[in-house]
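Enquirer: Place chain B on chain A using the hints.
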Amino acid sequence: MLRFLLGRLAQAALVLALAVSVVFALVRAAPGDPLSGSALDATTAPATRELLRRQYALDRPLLKQYTHFVGNALRGELGMSLSRGRPVAQVLREVVPNTVLLMGTGLLIGILGGIALGAWQGSRDNRNSATSARVARMSERLGLAIIATPEYIVATVMLTLFAATWRLFPIGGMVTLGVHEAMGPAQRVADVLWHLALPALTLALIVGAGVARYQRTEMRLVLSQPFIRTARAKGVPEARVLVHHALRNALGPVITLCGLLLPSLVGGAVFVEAIFAWPGMGRTMVDAVTGRDYPLAIGAVIVSSVLVALGGLLADVAAAVADPRLTRGRR
Amino acid sequence: MIATPAATLRGTGVPRAAIGVLAVALFVALFGGMLSPYDPNAFNGIAGMQNMPPSWAHPFGTDGLSRDVLSRVIAGARISLGVGALSVFIAVFVGTAWGAVAGSTDSWLDDLLMRIVDAMLVIPRVLLLLVLASAGPMSPWKLALALGLTAWPPMSRVVRAQVRAMRQREWVLAARALGATPTRILMRHVLPGVMPHIAVAATLSFASVIPLEAGLSFLGLGVRPPTASWGNIMRDGADRMLDSWWMLLFPALAILATVTAFNAVGERWREVFEPHQVVR
Numbered sequence: 001m002l003r004f005l006l007g008r009l010a011q012a013a014l015v016l017a018l019a020v021s022v023v024f025a026l027v028r029a030a031p032g033d034p035l036s037g038s039a040l041d042a043t044t045a046p047a048t049r050e051l052l053r054r055q056y057a058l059d060r061p062l063l064k065q066y067t068h069f070v071g072n073a074l075r076g077e078l079g080m081s082l083s084r085g086r087p088v089a090q091v092l093r094e095v096v097p098n099t100v101l102l103m104g105t106g107l108l109i110g111i112l113g114g115i116a117l118g119a120w121q122g123s124r125d126n127r128n129s130a131t132s133a134r135v136a137r138m139s140e141r142l143g144l145a146i147i148a149t150p151e152y153i154v155a156t157v158m159l160t161l162f163a164a165t166w167r168l169f170p171i172g173g174m175v176t177l178g179v180h181e182a183m184g185p186a187q188r189v190a191d192v193l194w195h196l197a198l199p200a201l202t203l204a205l206i207v208g209a210g211v212a213r214y215q216r217t218e219m220r221l222v223l224s225q226p227f228i229r230t231a232r233a234k235g236v237p238e239a240r241v242l243v244h245h246a247l248r249n250a251l252g253p254v255i256t257l258c259g260l261l262l263p264s265l266v267g268g269a270v271f272v273e274a275i276f277a278w279p280g281m282g283r284t285m286v287d288a289v290t291g292r293d294y295p296l297a298i299g300a301v302i303v304s305s306v307l308v309a310l311g312g313l314l315a316d317v318a319a320a321v322a323d324p325r326l327t328r329g330r331r
Numbered sequence: 001m002i003a004t005p006a007a008t009l010r011g012t013g014v015p016r017a018a019i020g021v022l023a024v025a026l027f028v029a030l031f032g033g034m035l036s037p038y039d040p041n042a043f044n045g046i047a048g049m050q051n052m053p054p055s056w057a058h059p060f061g062t063d064g065l066s067r068d069v070l071s072r073v074i075a076g077a078r079i080s081l082g083v084g085a086l087s088v089f090i091a092v093f094v095g096t097a098w099g100a101v102a103g104s105t106d107s108w109l110d111d112l113l114m115r116i117v118d119a120m121l122v123i124p125r126v127l128l129l130l131v132l133a134s135a136g137p138m139s140p141w142k143l144a145l146a147l148g149l150t151a152w153p154p155m156s157r158v159v160r161a162q163v164r165a166m167r168q169r170e171w172v173l174a175a176r177a178l179g180a181t182p183t184r185i186l187m188r189h190v191l192p193g194v195m196p197h198i199a200v201a202a203t204l205s206f207a208s209v210i211p212l213e214a215g216l217s218f219l220g221l222g223v224r225p226p227t228a229s230w231g232n233i234m235r236d237g238a239d240r241m242l243d244s245w246w247m248l249l250f251p252a253l254a255i256l257a258t259v260t261a262f263n264a265v266g267e268r269w270r271e272v273f274e275p276h277q278v279v280r
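Going down the list, the protein sequences come from chains A and B.
Taking the working numbering, the leading residue of the first sequence gets 1, the next gets one more, and so forth.
Taking the working numbering, the leading residue of the second sequence gets 1, the next gets one more, and so forth.
Chain A on its own, in the form it takes in the complex (with noise of 0.2 Å):
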């Protein structure tokens, strides 16, 4: 387990190592000077611009200036903010830490719901009543209907109805302006929840979905398999076949999908983000943008390529738990 826990931390270093290489390649791919059509138009001011020069080593050779990307980089080094007038760390370390409630709330109500969901559904057929197989399937068609609808469109339609129509839940934000601050500590931590409820509850909707797909058909594979007909024949509780011979086989899979799935996850919170006014990393990344804050935009890329890959280990970690054959062997 130490061996595998090593060789696949090493793995990630060295994967992120050559990401932000590729961060580095894009940007300077794209034609034109990496800030011309960013913040350095005609206004701003020319000692700006030669301190964005110098920090980005753009009056240097092309070698040069990947080293010193890719040496800012890892020391954490990621310039200064141009339209908040910070450290871009220092931005960044305030609003990490809302993207990962809101995240971490959404993913674990979306897996957990999303794997019960599925292996629900992937031990529906006939042989159970036909009323509970029926909606099962109906279940079914709803998730893939969701699955097809851009996250933009989910969560639009989610503010909507229950905030706009319903007024069930704030309109956006994390705090109640003006107020949060009044407020006694308990009250704040009610305040911050009921902010957090509908965007995490949107994503847990999209992630569940996907996570059921995956999860039926896994079940549906194991249920197939032949030590459950032993297990049944044994007498064993049908309960028990189901969660502990069924449920607990199908489980690797899914793990190792739900890291699979992180990086399109932190795109579609870009889109929760924006659309819920919560002040992430996904909403500063579109601020920093439609601001040309290309600091900010660099920055906000490298960290959370760097959480995205930290999210992907503690799915191998979690499928390697799961199915401790992972650990022995490659791949």
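Just so you know, nobody snuck in bad clues.
Looking from chain B toward chain A, a few residues come up when the C-beta cut is under 10 Å (computed): (1) Ile116; (2) Leu149; (3) Ala214; (4) Leu221.
No lab work stands behind these hints, which were simulated from the structure alone.
For every residue, glycine included, the Cβ atom is placed at its ideal position computed from N, Cα and C.
Expert: Frame of chain A; chain B shown alone:
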């Protein structure tokens, strides 16, 4: 046996509804100008014509600048599908070349190429696209290039795995024994067999790129207005969704229909070509 494309389509049992939706989408994208009842960018009267709900004169309603939403959805089809097609083409080209080279060699080059793919997959695609969008206004061409250059990594993985599996097949060994060059083996004996898998990946990639393009335009970072795309029509309506639902509903339905159709085709082909990887 030589199969015409039409026969291949019939043979694989792709749902007719999906083919129908894609045919309509293609027709609208190509000949939309003739169908469009109004000029998509024309203001149809300054006073009183803004934010009109659907009516006989404007079946999809009008937007906040009194433009006809139906005409804009039709005009948007060309941009949305055109950008999608071009980016999928780029992704197929780069992904196939990348995966074919990696799959054909056992040297360090394979490791290097695939680690770069791993690295690309760690960077959230939407964020990478946002950084590329921050360099300045995007023309549809540049947008397609950006979408294509971030879409190829999964495709190269598919191609590499298939090329690797194909290299062990008898006809490839026979060709090698006959002294065929590696390039010839790859182009004539290996890649044709990988084509179905590329087709599956390309179809599914098309299904993912359409909402992505619309999403960027929805955030105001994709296709620049006044050029209509399905995403920026929705952006125009998103602020006032309660009073002008038609501006969100109709482009969303267009996206949903094409995405579902592409997915249906891709999933069906996958059932035929990759029966072990089907997920329902």
